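Residue numbers (our numbering), protein chains in the order written: chain A, 1 to 244; chain B, 245 to 724; chain C, 725 to 1105.
Just so you know, these hints were derived from the structure itself, not from any lab. Quantities reported herein were computed from a predicted structural model and do not represent experimental measurements. One or more hints might be untrue.
Simulated pairs of lysine to any residue, SDA-like, Cα-Cα distance not exceeding 25 Å [unchecked claim]: (1) A:LYS136 - B:LEU641; (2) B:LYS634 - A:GLN19; (3) C:LYS968 - C:GLN955; (4) C:LYS1001 - B:LEU641.
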Amino acid sequence: MSDKIIQITEMNKWFGDFQVLKNINLEVEKNKKIVVCGPSGSGKSTLIRCINRLEEHQQGSIIVDGNELTEDTKDIEKIRAEVGMVFQQFNLFPHLSILDNCTLAPIWVKKMPKKEAEDLALQHLEKVQIADQANKYPGQLSGGQQQRCAIARALCMEPKIMLFDEPTSALDPEMIKEVLDAMVNLAKAGMTMIVVTHEMGFAKEVADEVIFMDEGMIVERAETKEFFANPKSDRTKLFLSQIL
Amino acid sequence: MNKLNFLQPDKNNFYTYLYTGVILVALSIFIVFLNSFFNKDIVSFLPGPISFFLPLILGFIGLHLIRIDYSGLRFLDSINKNINTNNFNAFLSLLIVFVVIKSLPPLLSWFIIDANIAGDSKDVCTGSGACWTYIKIWFNRFMYGMYPNPEQWRINLSFIALAFLGCVGFFATEKFKKYLTLYYVVVYPIIAFFFIFFFISGGPIFFDFSYGIIAAVISIILGFFIPSKFKMYYFIIVPITLYILLKYVFFYEELIELGKLEALEWVETGAWGGLSLTFIVSFFCLIFCFPIGLFLSLGRRSDFPIIKYISIGMIEFWRGVPLITVLFMSSVMFPMFLPEDMFIDKLVRVIIAISLFEAAYVAEVIRGGLQALPRGQYDAAKSLGMGYWKMHILVILPQALKLVIPGIANTFLALVKDTPLIFVVGLLEIVGMLNLAKTNPEWLGFAMEGYVFASVLFFIICYAMSKYSYNLEQKYKTER
Amino acid sequence: MNIKKILPQLLTLLVVILVFGFFSYNAQINMENRGITFGYGFLSQESSFDVQFSLIEYDGSHSYFRAYLVGLLNTILVSVIGIIFATIIGVVVGIARLSNNYLINRTAAVYVEFFRNIPLLLQIFFWYFAALRALPLPQDTEPMFGVFFLTIKGFFVPAFVWNNLDVFIYSIIAAIISIIFIRIYAKKKQENEGIQTPVLSISIGLLLILPILSFLFGGVDASVEIPVIKQLSQSGFTFEGGIKLPPELISLALALSLYTATFIAECVRAGVQGVSKGQKEAAASIGLTPNQVLKLVVMPQALRIIIPPTTNQYLNLTKNSSLAAAIAYPDLVLVFAGTALMQTGRAIEIVSITMLTYLSLSISISIFMNWYNKKIAIKEK
Chain A
1 MSDKIIQITE MNKWFGDFQV LKNINLEVEK NKKIVVCGPS GSGKSTLIRC INRLEEHQQG
61 SIIVDGNELT EDTKDIEKIR AEVGMVFQQF NLFPHLSILD NCTLAPIWVK KMPKKEAEDL
121 ALQHLEKVQI ADQANKYPGQ LSGGQQQRCA IARALCMEPK IMLFDEPTSA LDPEMIKEVL
181 DAMVNLAKAG MTMIVVTHEM GFAKEVADEV IFMDEGMIVE RAETKEFFAN PKSDRTKLFL
241 SQIL
Chain B
245 MNKLNFLQPD KNNFYTYLYT GVILVALSIF IVFLNSFFNK DIVSFLPGPI SFFLPLILGF
305 IGLHLIRIDY SGLRFLDSIN KNINTNNFNA FLSLLIVFVV IKSLPPLLSW FIIDANIAGD
365 SKDVCTGSGA CWTYIKIWFN RFMYGMYPNP EQWRINLSFI ALAFLGCVGF FATEKFKKYL
425 TLYYVVVYPI IAFFFIFFFI SGGPIFFDFS YGIIAAVISI ILGFFIPSKF KMYYFIIVPI
485 TLYILLKYVF FYEELIELGK LEALEWVETG AWGGLSLTFI VSFFCLIFCF PIGLFLSLGR
545 RSDFPIIKYI SIGMIEFWRG VPLITVLFMS SVMFPMFLPE DMFIDKLVRV IIAISLFEAA
605 YVAEVIRGGL QALPRGQYDA AKSLGMGYWK MHILVILPQA LKLVIPGIAN TFLALVKDTP
665 LIFVVGLLEI VGMLNLAKTN PEWLGFAMEG YVFASVLFFI ICYAMSKYSY NLEQKYKTER
Chain C
725 MNIKKILPQL LTLLVVILVF GFFSYNAQIN MENRGITFGY GFLSQESSFD VQFSLIEYDG
785 SHSYFRAYLV GLLNTILVSV IGIIFATIIG VVVGIARLSN NYLINRTAAV YVEFFRNIPL
845 LLQIFFWYFA ALRALPLPQD TEPMFGVFFL TIKGFFVPAF VWNNLDVFIY SIIAAIISII
905 FIRIYAKKKQ ENEGIQTPVL SISIGLLLIL PILSFLFGGV DASVEIPVIK QLSQSGFTFE
965 GGIKLPPELI SLALALSLYT ATFIAECVRA GVQGVSKGQK EAAASIGLTP NQVLKLVVMP
1025 QALRIIIPPT TNQYLNLTKN SSLAAAIAYP DLVLVFAGTA LMQTGRAIEI VSITMLTYLS
1085 LSISISIFMN WYNKKIAIKE K
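Just chain A, with the same shape it has in the complex (with noise of 0.2 Å):
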């Protein structure tokens, strides 16, 4: 009876007249790891945008770790430190260094002292492998290694959930690697993480279920090698067809 860190019920929202998502049911358990993928426009990056409350839903309850996003203020605070984001535009902070960038919220979040959040940033910039760039600013890094910093920041808050939206799509295909790497490892050690992402490969290899959405619904969801060898729903299989 593992516990249920994401429960969606019968989520609804609209931009303007524009419904985005539709009835949408989700429950994710601890330590899972879910890829979504889907056409463009299909409503993914709304999706986990709800779930830390980037964007707000009208209809349905979203619960995180057992707190029911609303619209109270302190709530979504203390929910977005639980949980890590990763973005497609990786939106490092230019005017902080590499270390600065991953210090900044476990200070002034948390009330870190500074000498145990620059231990903790090392530490995780050691695991993604730029631990050595820690003085540089973002504007003097590759592709690769910001969005490998901006997973080392998310991390230095030690959340429960990583959220990923599309973390390699504006990446040059060589760097797409060190950064899937990065993702692997903390796959590897336990974290739960929702990815959306194009990149089937890194499903297979340590998703545990595939959510397919289509114009704003989850269509088909499964385990991985089901979800590959069997797909069920003809938009699905389009889907696939189209992109493996």
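On the provided structure of chain A, position chains B and C as indicated by the hints.
Chains B and C alone, transformed into the frame defined by chain A:
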């Protein structure tokens, strides 16, 4: 020798064209030069209109002749590409050169050659040039307004002290660098306020000032011996206690009466004036309009409708009316809004009015920077669990403010240029003093010298400020 | 509803209400003590002060409201003159700034730096107290071109005396309307058949011919009234006839134009530089003539960048015209918020009307700007 076609100079008879052209151009410049500097008209034997236009015609033909494409002479080519590309350009270039040459002698003679600077009174100004004696005599007034001469050292001392304290940032060691922002935004303005308000005004409140200084100094010295845990309470309680002790226990009024301590002479703000007043007003308005503008721009982007609309209302209001009406309002309307016995000093009212006015412009400039930041920065900061204020102070504002440095520098510049308007409330900064001086019966008719002097001063100040902000902008651009 | 969201808003609202309440309360008490009542009725009272320069009939027997109109018209007058000249000078200087010719470029740069870094008030004072004071007295003035007299008391220029001015105006309106129709017709013709009609030449022709016709057949005629010197007293001369432009107006318009032109020059320069070189190259490579490149490709893009800040500068010029108070040019601020306020003591009413006038001007220009920006915005994803 190939056929010479004067309408189409080319490389074949290169040197013919070149030499002829250069001679003609040189001749034309020489004619104008002689005419303007030595008043010798060597072509006066020609009828009027021709002799007037002769240099232009000669120069034009000369430039036409040397307009040879790809001559091979680097200097010639660069001139041709630059000022001699076609007839129109050639004509304009000649015109500009001639105008400059013709205007130099009269300018030089007015400014320097025929001008007078020595001496003490109007009688010295006999020349047809500028009377700089006028400026020399009135210099004190232009700088300090009606502030009594013997007391002017106070203004000088305050400015020097403030300039010194302002440069502290350059000498701060690593350990203190993080207190710099706090210093500049909170401590420095308070010290400046004390200096200017108490020291320059003088009077019995000078004692409050000196007690404050003494209390602060003693607290800081003792502060090194207090453990960190109590530092916050310490810095609130101890200085106040010391101050109260000094004021009421150690030195009371009677000691002053006994003549043991002499108070500084009281100078009311109405007597302050001149360039020093320009600095004081600009300085304080600069300090206040920035934080107010910052809050207004944040309020305008806020999610709270009431705060948002109040901010928008304030910004559009102050931006929509001329500064002079605002100053009118502050001097005429404002007293109506205050209780009978409450009186706010003229200078304070003016500073409040100008600060609120410029804050609206600063708000719009900062808003531009906030909008220019990619949304991803806001997202990343939020996803790390930062709340509104942490996100803005640590991530958004450091980046946004760097983006808008030129805009803010522009606004500051406009602020300095707007200070002369305070004449409407009766405060005379340098332009006001000029107007006052030129109506003095002993010195009538020297308005021109005064305005030129003030123009040069302002030009130097504003030009320096805009160059500095340009450098600042370049420096931050390369840091990225 | 969320307490955290409501509380700060309520607090802010409370503070604002308290502040306003405090002010209003004191204002009421102060007005009672001085025996002033609050009301706008005074606007219909007789003003009993004269104004030196006015575009409409006005003297002391007219109402304060009429005085307000006089001030407003004077403000509009000097603003329009300023805007026209500032635009002309600004565009010329802006384009000069872009020239490859070092001399022209530098001269324009010197102009911009010089007039931009000196406060406007100082410039106004310079022109009024120093430069224009150096002009000769009326009796000593040599006319320019025989009919313009630039004296220390003002510029005296000839006036046109019209007969049947309205016919002339109708002819101009008729010309404009026909130009509009011809443009619509020409555009349709080009869309349907590809033939281009010389709209510009036809428009210029119409603008010239129709008014001339009005002279020949419409009974319109204009005679010129040249200013003639007249002796007022032993040493006081002036000119009679023609139009007198007071030195206050001249110095204000001059200073405003020269000052604002510097900002407009920078806007123009930014606009033209903002169109990337590739645009001109691409346009030339598809065979457009230089004129067509300018008209169809460069100017539309450049204007998008130029127009918003330039309109802002026009607004600034209008607001800066209020500096007229410093040299006694009777603009809205001096006449209404100055003299009228001094006489009636009704500070709150008068200052509020003045500020509202400027505010409505600013806000209408803002709204126009927003509409214009939306309309011409280049569509992006």
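A quick look at each hint next to the structure:
1. A:LYS136 - B:LEU641: Satisfied, since the Cα-Cα distance of roughly 21 Å is no more than 25 Å.
2. B:LYS634 - A:GLN19: Answer violated: LYS634 of chain B to GLN19 of chain A is near 33 Å, above 25 Å.
3. C:LYS968 - C:GLN955: holds (16 Å)
4. C:LYS1001 - B:LEU641: Distance ~34 Å between LYS1001 of chain C and LEU641 of chain B Cα, so the pair is violated.
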